[in-house]
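Given chain A, work out where chains B, C and D with the ligands should sit, using these hints.
Residue numbers (the numbering used here), protein chains in the order written: chain A, 1 to 279; chain B, 1 to 279; chain C, 1 to 566; chain D, 1 to 566.
Some clues are possibly wrong.
List time: in silico DSS-like cross-link candidates among lysine-lysine, alpha-carbon distance up to 30 Å [to be verified]: (1) C/K373 with B/K151; (2) B/K220 with B/K12; (3) D/K428 with B/K21; (4) D/K125 with A/K217; (5) A/K17 with A/K217; (6) D/K159 with A/K151; (7) A/K217 with D/K159.
The set of hints was computed from the structure by calculation and includes no laboratory data.
From a predicted model like this one, the values you see are computed outputs, not experimental measurements.
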Amino acid sequence: MSEHSQPKAAVKPAFYKSGIKPVWCPGCGHFAVLSALTKALAWLELPREQTALLSGIGCSSRIPAYTDLYGFHGIHGRALALGTGLKAARPELTVLVAGGDGDGLSIGGNHFIHACRRNMDLTYILMDNQVYGMTKGQASPTTDPNWDHSKLTPHGTHMQPFQPAALALAAGASFIARGFSGDPAGMTRLLVEAIQHPGFSVVQVLSPCPTFRPEQKGWKHSIHAWDWEATDDAVEAARRIHADDGMHTGIIFRAERPVWQPVRCQQTTVEAIEQEFVP
Amino acid sequence: MSEHSQPKAAVKPAFYKSGIKPVWCPGCGHFAVLSALTKALAWLELPREQTALLSGIGCSSRIPAYTDLYGFHGIHGRALALGTGLKAARPELTVLVAGGDGDGLSIGGNHFIHACRRNMDLTYILMDNQVYGMTKGQASPTTDPNWDHSKLTPHGTHMQPFQPAALALAAGASFIARGFSGDPAGMTRLLVEAIQHPGFSVVQVLSPCPTFRPEQKGWKHSIHAWDWEATDDAVEAARRIHADDGMHTGIIFRAERPVWQPVRCQQTTVEAIEQEFVP
Amino acid sequence: MHISLAITGAGGAGVITAGQLLLDLLAAHGLYGLMRRSYGPQIRGGEAASLLRVADQPVYCLDDRFQLMIALDWKNVDRFVDEIPLGAGSLLLHEESAGPVPPEIQREGVRALPVPMKALAAQEKGGRMNSVALGLAARLLNLQPEQAAALLDKRLHRKGEEAVRVAQANFEAGYHWEGLPEPVFSATPASTPPDWTLTGNEGCGLGALRAGVRFVAAYPITPASDMLEWLSPRIEQLNGALIQAEDELASINMAIGAAWGGVPAMTATSGPGLSLMLEGIGLAVASETPVVVVDVMRGGPSTGIPTKSEQADLDQALHGLHGDAPHLVLGPLDVPDCVLTTQWAVHLAEQLQAPAIVLSDQAMGQSRMLARKPAEIQFIGQRKRAESPGTDYQRYAITADGVSPMAIPGTPEGMYTADGLEHEPGGKPSSAALDHVMQLDKRARKLEQHDFGDLWAEMAGEGELAVLTWGSSTGAVREACERFCRQGGRVRMIALRLLLPAQTDKLAQALAGVDHLLVVEQSHSRQFDRYLRAWHALPVQPRVLARPGPVPFTPGEILTELESMS
Amino acid sequence: MHISLAITGAGGAGVITAGQLLLDLLAAHGLYGLMRRSYGPQIRGGEAASLLRVADQPVYCLDDRFQLMIALDWKNVDRFVDEIPLGAGSLLLHEESAGPVPPEIQREGVRALPVPMKALAAQEKGGRMNSVALGLAARLLNLQPEQAAALLDKRLHRKGEEAVRVAQANFEAGYHWEGLPEPVFSATPASTPPDWTLTGNEGCGLGALRAGVRFVAAYPITPASDMLEWLSPRIEQLNGALIQAEDELASINMAIGAAWGGVPAMTATSGPGLSLMLEGIGLAVASETPVVVVDVMRGGPSTGIPTKSEQADLDQALHGLHGDAPHLVLGPLDVPDCVLTTQWAVHLAEQLQAPAIVLSDQAMGQSRMLARKPAEIQFIGQRKRAESPGTDYQRYAITADGVSPMAIPGTPEGMYTADGLEHEPGGKPSSAALDHVMQLDKRARKLEQHDFGDLWAEMAGEGELAVLTWGSSTGAVREACERFCRQGGRVRMIALRLLLPAQTDKLAQALAGVDHLLVVEQSHSRQFDRYLRAWHALPVQPRVLARPGPVPFTPGEILTELESMS
Ligand SMILES: Cc1ncc(C[n+]2csc(CCOP(=O)(O)OP(=O)(O)O)c2C)c(N)n1
Ligand SMILES: Cc1ncc(C[n+]2csc(CCOP(=O)(O)OP(=O)(O)O)c2C)c(N)n1
Ligand code: SF4
Ligand code: SF4
Ligand SMILES: [Mg+2]
Ligand SMILES: [Mg+2]
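Chain A with its partners taken away, still in its complex shape (with noise of 0.2 Å):
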C-alpha cells in the first residue's frame, strides 16, 4: 500500500487545499495532518465538491476552512453528530469528520461511542495533542495522570487516560488505527485506508501540540509501527492495545460488520398519508 503516499499525477494536494492561512503555532502538528489529508484526497481523486469535512471546536478543528471542501466548523463536541445527520441525508457524498482529543474525547465522547457503535461509513480524524490547544493547555482525557502542566489540574489529574482504540473497540467501530503526523507518508495511507473502509473508521492521529506540550517533540523516537497486519479479531485487537505503549502507528483493527444507513424507499406520497387521517 505505500504507494498511497504518492498522489497519482492528476490531482495534486494543493487542490484540495484553501488559501486561508491556519491560525496554528508554529511547529503545529495539525499542519501535518492538513497536508496528508489533502495527499489522501487527491490519492483517491475525491471530487471537491463530493467531500464534506466537519469539525467542532479546538484548533484541530480548524481544519475545514483550511481545505477547499464543503466544511462545516460546528461547535464544540458534536461533529459527530453533524456528520452523521450530513451522511444520513446525503449518502452519496464522502463524509469526513475531524476534531481533538478534548473535542472528540471530553466533551463528544457520547457521540464517538455512539457513532462507532452505528458503524455509519464516515471517517473520523482524532488529532490528538494529549491537551486542550486551544484554550491554551488543559488536561484532555488522553493525558498523562501525571502531566502537572497545567493550572487546572496542578498535580496532574491522577485518572488513567483513555485508549481512544480501546474505546472505539469496544463501541463497535469497523476501522481503528493511528498514526503520527510526523510520519506524513504513513498517515497519508492510514487515511487512505480509512476512507475506503466501508463502515465508520477511527484514525488516531498524534499531532504534538509544542505550544503546551513541548516535550511531544520528542515523540518522533518513540513512535513506531505496528509489526503486524490489521487484525479482525476483536479479542485479539484488544490483547494488543492493553500491550501497546500508546505510541505504535498503522491499522489496528479493520472488520466487516454492517454498515448503517437509514431505511428509505419512493413508496408512497404526502397525499397517500393524509388518507389517513379520513375517520
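Same frame as chain A, but now just chains B, C and D with the ligands:
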C-alpha cells in the same frame, strides 16, 4: 460469599424502604432491584443518613424515592455527574448511583465512560431492560438490532448493541459485574461486593420490562452464572466479555486501581490568599 | 349544541379506547368532537380519563362543566377532580360494585346513578366494562347502535371475530340497560361534517412532511414521542429518514448536518430536550442553516409534570440562546392548526436560512379532534441556493434582504466552510468589529424585513375590548369571545401565531383603538405578558389571566373576565 | 489626571508583559491604572495589545482617545484600529526598522516618531524590545527608573540574574533614549493609593471563596478559564476541591451534587457552556439546590468571538430555562465589584436555595486594575438547615418566606428524595394542580419577597435625566456622568447589580421624576432595554444606546448622548 444474601439480624431491609408505592408496572424487574439493594444495605448495616442514592430519569431512576436514604432524582442522563460532585464534596458518604440503559448509556454515555475513567469510589447500578420503559418502549443502546416492536425504529435498529461491560472495561472501571433481577440473592451479593469495592463499580442488572419487552420473561431460562472467578486481567476480561452471550452473571472484572478523589488540605486561609492581591 | 363527558377508570380498564371509539362513532354520525387524554404517572396500569366534548361544529377546547361522567371504578379518581368539573344537573354513572361516590367527586346537584357495568360485561365471557360504558354513552348521546356495531367490527377486526362479537354484545347491554334516563344530547349531524381526525402531534408531523421535511433526528420524550412515532414509518417511505439519536445534543446537530446538506430537517422534543438543543440552535443561527424544532410543552420547570400541559417554555424559545441570535418562534393555535403552522415554520426556516421553534403543547399534541381537512397551502421549503456559485462565491454575502444564496454540498465551485465563529462574508473567521456588526445586522434584517403576510395572527371580532393570547389557550379564548358576542358584547380576539420576529407594527395596528385588554396564557410567571411588554407597544396596561398547567382554561372563566371588563 | 496608552506587537514580542510591568510600576508610584488585553485569534504568536489607562484615582474604563501608542511592529496592527482610537496630539512611537506608519493607523494630527527599539534592545545580548518600550513609556509618564529596576528584579527574578540585568539595561536604554519628547504625563501619587491589583476573573474567584464556596466543577472555556486556573490551586488548600469535568453538562450537575451535599458550589463558563448548563440550572430551581454559575460573556451568537467582550447573554441568563423557573441573575459593575457581586450571589443562592447566574464579561474578567481592596462584607453562605428534622420532616414544606429547611446528607432522620419532578411538600412526585401551584408559588415567593437591601443597584447623582445600565458598561457610564456633572449637568446614574428577581418598585422609585432616560448596553438586539420593558415600569420611553461588542463604550460617546438629551 453466599452469606451476603442473608442480611444479618440487626438491620432489616425494610429499614431502608420508604413508604412510597412505586409507579412500576406489575412484574417489573425494578422491584427486585430495589429489594436486593435494601438487602445489601442491611447486610452492610450502612447508616441510612450516610448513604445517598442518586439517579437520572426513567422507570429505573425512580428508585431513590422508594428507599429511605438521601435521594436525588436528577435529570435524564446526569446521575453520575451528580454523584461525582457529591462524592468529591462529601467523601465520607456512601454514594450509590442508579439508572436505566437509556439514562446511562444513551444520553448519559459520556458521563458513564468518564466515571469509569475517573474511578471514584462510587457504585453504579445500571438497571438494563434493553428498552426505554418510561417513554413507552423505544430501543436503547443495549437493544437487540432486530427488535422491531418500537414504532420509532419499526425495522429494528440494525445496530450492534453496546456491551456495557466492554465499554466499562475499555473506559477504566475497576469493578464490573452483571446480575439478574430474577436472582435476588445473587444480585444482593453482587451489590454488597460492589459497594465494598474501593473505586468505581459497575453492576449491570438485567431487569426485565414485562410491559414493553414481554419476551424478557424468558430471561430466567437463559441466565447462567459464570463458572470462573473474577479476573483482574483486562485482556482476559475482554476475552470473556467478547465470548459471552450477555446472559452470564457474576463479577466479570475486579482490579485494584488508584481511586480518585480530589487532593485537598487545610493549608491556607482566604485572608492569606488575599495577600496576593497586594501589588 | 354540545356536550362534555368523561370516562374514567383504572389502568387496563380501557377508558382511552372507549373514548377513541366514541370519537369514531361521532364521526360516523357527522358530528364533531374533541378528546383529551389524562393519565396518572404510572407507565402502565395507572388510572386514566378520556375527556370528550361532542358538538355539531368544530370544538377546540373542553367546556366549563361536564354533563356526563362514567366512572368504571373509583381508583385514584380524586386525581381527576380538577380536570372534570361536574355541576348541577351533571349525570354520574358509576360502577355499582365499586361502592359509593367518593366525597371528592360528589357535588351539589350531581345525579349519581349506580350501574352494574361489571355484571353487564360479565354476561359475555371475556366481556369488558369499557364496551358497556361505550353503549351507555352512545345511548345517552342518542347515537345509532348499528353504526357502533359496524365500527366495532372495523376497529377490533384484527382481534378476531369472537372479540368483535363480545364487544358488540357488551355495547348492546350498555345501550339497552333499562336503568338509563332519557338521552342528554340529541345528535343532529353538522351540515359540513368533519372529514378528518387527527391529533396535534400528527398535525405537526404532517405539516412537516407537506413542507418537504425529509430528515428528522430526535430522542424520545413525553409528550413529543408520538409525533416521532407517527413520522418514522411514513418519512422513510417518502425517501426520507428518521434517526433516533443518542440524545438531544445529537438530535439537533444531526438535523443541522442534514439541513446543511440541503434536506429540510426537523427535530421534536419537550422542555428538557429544548434546553439541551439551545447551543445547537445557536449554531444554526450563526451558520445560517435552516432547521425546525417542535417543542411539545409539558409542565415545568425541570422534569416537571411530563404528562400534563403548560405554556411555560415560551421564555426559553424566545430568549434561550446566548449572544444576539435572531430566530423564528411560532405557535399553532389548535389541533388542525398544527399542520399549517409547522408547514409555515419549515417554509420560513428554509426561506430565511434560520432556525424556527414551533411551540405546541401536550394539550394540543395529544388531543384528538374531528375536524375539517386543513387547507392545502403551497408552502414548500424553497431555499435560495447558489446554483452556479463561481469563484468569487461568498456564502455569507451581505445582501439587501439579508438572505445569502447557499451552496449545497455537491454544487461545483461552491465549496466554503460554514461557521459558528463570527466571520466575514466569505465565511472566514473574523473578530473585527465591522464584520461582526455586518453579520449581526444581516441576520437580524433577514427576519425583520421579511413580509410575513396575514398568517402572523388569527383575528376575529371588533370593539374597544380585546383579548390577546397564543397557542393552545386560543381554543377557550375563541369560544369565550363567541359567547360574549352572542350575549351582545363586542370584543376583538387576537391570537399570535408568529411570536418572533415580533410583528410590532401589525399588532399595534390590530390593537388601535383598544381601551381594555385581556391577556390569557397558561404560565405562572406571565411569560406571554412579559413578551408583549418587551417586544410590543400595547395601547393600554393589560389585565393578565395567567395560570400554570395542568388545568386548561375554560371558555366560561374567560367569559367572566370579559364581562367584568366591559 | 489620566492618560491612555497602548503597546502593540506581534506574538512573542511581549507587549502584554510590558503592560503588566507598567501597571506594577504605576502601583509602586501610588498611581491607579487599568489594563485591558487584546488578542488576535492565534493561540500563540498572534498580534497582541496592552491597552492601558493611568490616573491618580481609580479608573474603570478605557478613554475616548489614546494619547500614546508604542508599536513594536506593524504586524496585523490594523486589527486594533477600532480599539485604539488615536487623535490630534496623540504620540505614536514606532519601531524604526518596521517601515512607515500604515495608513489605517495614521490619523490627522498624530505625531509619529520612529524609535530604534530593536537596535536599542540589541545593545544587550538577548535583549528584548518590550523592555525598551517599557523604558520609553516610563519616561514619557514621568515614572522613576529606580522603581523600575527594583520591579524588574522582583518580577524576573526566577529567570536568573542575567535576564534581570539585560531587562534593566534595555529599560534604561529606552528610558534615556535621547529622541524622546517631553513627558506627556506627570505622575502625582493618589492621596489614597491603590492597595490591590486584580482582574475581574480573580475577583469572581475571590468573591466565591470569601462566601464559602468550597467546590467548583468546570470545563475550560475562554474567557472563563483563567478564573478556574486561579481557583484550582487555592480552593484545594482551603480544604475544597475543583474538578475539571468532561463537559458543562457534567460541571453543573457535579456542582449541584456537591451543593446538595451541603458544600457551597460554583461553576464558571461562557455563553456556549451556559447554553449546555440550562437544563441543570432548571434542576437546581426545581430541587431547590443553591448553586452559582458565573458566565464570563464573550461575543456571540454560537462560538462567536471567543476572545472579545459583549453583554449579549443577558436574554439567556434571564429567560433561558424551560418552564416557570425563578432564579437569581446578577452582574458585577466593574473589576473590583466582581468580588462583592459574586460573594453576594453565593450568599443569596445559599439563603434562598436557588441558582444564581453571575454575568461578568471578557472586558471585566480579563482586565487588570489597580484598586482599593474591596470591603469585607459578612456574606457567608448561610443555608437554612433542618438540623433535627424529626419524622414528619417535609423537605419542600410550604413556608411563609418560601424557604424550607434543608436536611443535608448525614443528618439523622432527614432522609428525603430531592426531585426535579413536581412534588408535594414531602418531596413525593405529584402531578396534581394544587401541588404544582403551591410549589410554583413558593419558589417564586422566596425570591420576590426577599429584602435585597441597597445592593440591588449603584446609584449616583440627581436630576430629571437618568442613565440606566448594567455590567461592564457601567465604567464608561459612570465616567460620562461625572464629566457631565463637572460640566454643570445634572444626571442620575443607575447601574443594576441585581437583575432577577427584578426590583421593580425600587427602580420605579429611583426613577421617580425622571423625564429623560438613556439606556446603555453592549448588545445588538437591545436585550437590556427589553428586560427593562418586560420587568419594570419605566416612567418614559428611553433612548437606547445599544451596540454589540467588541469595541467598548467610551465615556465620551455617552457624554455626547447625555448632552444631546438635555
Ligand atoms: C461548549 C463549549 N465548551 C468549551 C469550549 C472551549 N473550548 C474550545 S476548544 C476546547 C478544547 C480543545 O481541545 P482539543 O479538542 O483537544 O483541540 P486542540 O485545540 O488540542 O487541537 C475547549 C474546551 C467551547 N468552545 N464550547
Ligand atoms: C433531556 C431528556 N430527554 C428525554 C427525556 C425522556 N425520557 C425520560 S426517561 C427516558 C428513557 C428511560 O429509559 P431507561 O433509562 O432505560 O429507563 P427505564 O424506563 O427503561 O427503566 C427518556 C428518553 C427526558 N426526561 N429528558
Ligand atoms: S496551541 Fe498547540 S494545538 Fe493549538 S495550534 Fe498551537 S501548537 Fe497547535
Ligand atoms: S414500563 Fe417496563 S421498566 Fe417501566 S415500570 Fe413498566 S415494566 Fe418496569
Ligand atoms: Mg487536543
Ligand atoms: Mg431501560
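Hints, one by one, checked against the model:
At roughly 25 Å between alpha-carbon atoms, C/K373 and B/K151 fall within 30 Å of each other, so this suggested pair holds. In summary, the hint linking B/K220 to B/K12 is supported, as the alpha carbons are separated by about 27 Å, within the 30 Å threshold. For the suggested pair D/K428 and B/K21, the alpha carbons sit about 10 Å apart, so the restraint of at most 30 Å is met. Our distance criterion of 30 Å between C-alpha atoms is met by D/K125 and A/K217, whose separation comes to about 27 Å.
Under the criterion of a C-alpha separation no larger than 30 Å, the hint pairing A/K17 with A/K217 is consistent with the structure, at around 26 Å. Simply put, D/K159 and A/K151 have alpha-carbon atoms about 20 Å apart, close enough for the 30 Å limit, and the pair holds. About 23 Å separates the Cα atoms of A/K217 and D/K159, which keeps this hinted pair within 30 Å; it holds.
When each numbered hint is compared with the structure, no violation occurs for any of them.
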